[in-house]
Amino acid sequence: DGGITQSPKYLFRKEGQNVTLSCEQNLNHDAMYWYRQDPGQGLRLIYYSQIVNDFQKGDIAEGYSVSREKKESFPLTVTSAQKNPTAFYLCASTPWGVQPGELFFGEGSRLTVL
Amino acid sequence: QQPVQSPQAVILREGEDAVINCSSSKALYSVHWYRQKHGEAPVFLMILLKGGEQKGHEKISASFNEKKQQSSLYLTASQLSYSGTYFCGTEGGNQFYFGTGTSLTVIP
Chain A
1 DGGITQSPKY LFRKEGQNVT LSCEQNLNHD AMYWYRQDPG QGLRLIYYSQ
51 IVNDFQKGDI AEGYSVSREK KESFPLTVTS AQKNPTAFYL CASTPWGVQP
101 GELFFGEGSR LTVL
Chain B
1 QQPVQSPQAV ILREGEDAVI NCSSSKALYS VHWYRQKHGE APVFLMILLK
51 GGEQKGHEKI SASFNEKKQQ SSLYLTASQL SYSGTYFCGT EGGNQFYFGT
101 GTSLTVIP
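Chains as they are written, first to last, in my numbering: chain A, 1 to 114; chain B, 1 to 108.
No lab work stands behind these hints: they were computed from the structure. A couple of the hints might just be wrong.
[As the list claims (entries may be wrong)] With a cut-off of at most 27 Å between alpha-carbon atoms, the simulated DSSO-like pairs for lysine-lysine come out as follows: (1) K26/B - K9/A; (2) K59/B - K57/A; (3) K26/B - K67/B.
[Stated by the list, open to error] If you want a taste of the chain A side facing chain B, the calculated C-beta under 10 Å gives, among others: (4) G58; (5) E62; (6) G63.
None of the values given here were measured: they were computed from a predicted structure. Every residue gets a Cβ at the ideal spot worked out from N, C-alpha and C, and that includes glycine.
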């Protein structure tokens with residue numbers, strides 16, 4: 001079955017550590033996105049990528065980094081520079097054309113900093 | 001750039017109707033609607049691509065007014081399963097933005 005897989009589902013991190021969240025899709029979608037969601041809040045865009053080896057910052061990119069070495073993979077690293085990283089992280093993809101189609105989401109990764 | 005939704009929260013009894021509004025300060029070319037259950041990923045409901053077009057999905061429909069840069073989601077005869085947070089979404093350049101969200105609770 002086609003879809004997006006995020007891992008891990010839950011992650012605990014000590015302050016000062018970098019962590020990497022995995023996002024893999026087998027939908028052959030060109031565009032991939034990372035969003036952050038805080039409790040009771042909406043989704044805020046961290047990074048997005050429309051093509052392999054290219055990505056752009058969203059509204060809250062500070063303290064995060066990404067790579068897009070393969071079409072199907074778009075990992076997100078939460079660095080120690082991110083001051084408040086505890087949140088729910090969602091990865092999404094869509095077949096990018098003239099206009100974006102439906103966004104397909106992974107199940108999310110919940111990061112807690114201890 | 002984030003679209004603004006209203007109301008922020010609404011509580012309904014089963015069978016009642018609700019309207020959720022989405023407004024953008026920028027020109028809209030398309031509007032998406034998603035529903036998110038607590039702790040889960042958002043689920044796609046529908047896309048509206050043309051001004052004034054109204055689309056339906058069982059008892060959930062939506063309209064899109066390009067000139068006013070607004071979209072509205074209509075939920076009729078609400079069911080308990082409609083509970084969740086509703087987000088509109090729009091594209092801006094190459095980015096995709098979600099609205100501020102509307103929490104909808106349906107009670108028996």
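Hint by hint, here is what the structure shows:
1. K26/B - K9/A: Given pair K26/B, K9/A is violated - Cα atoms ~35 Å apart, limit 27 Å.
2. K59/B - K57/A: Since the Cα atoms of K59/B and K57/A sit roughly 38 Å apart, the hinted pair is violated (cutoff 27 Å).
3. K26/B - K67/B: Answer holds: K26/B to K67/B is near 11 Å, not above 27 Å.
4. G58: holds, 6 Å
5. E62: With a closest approach of 16 Å, the E62/A hint is violated.
6. G63: violated, 19 Å
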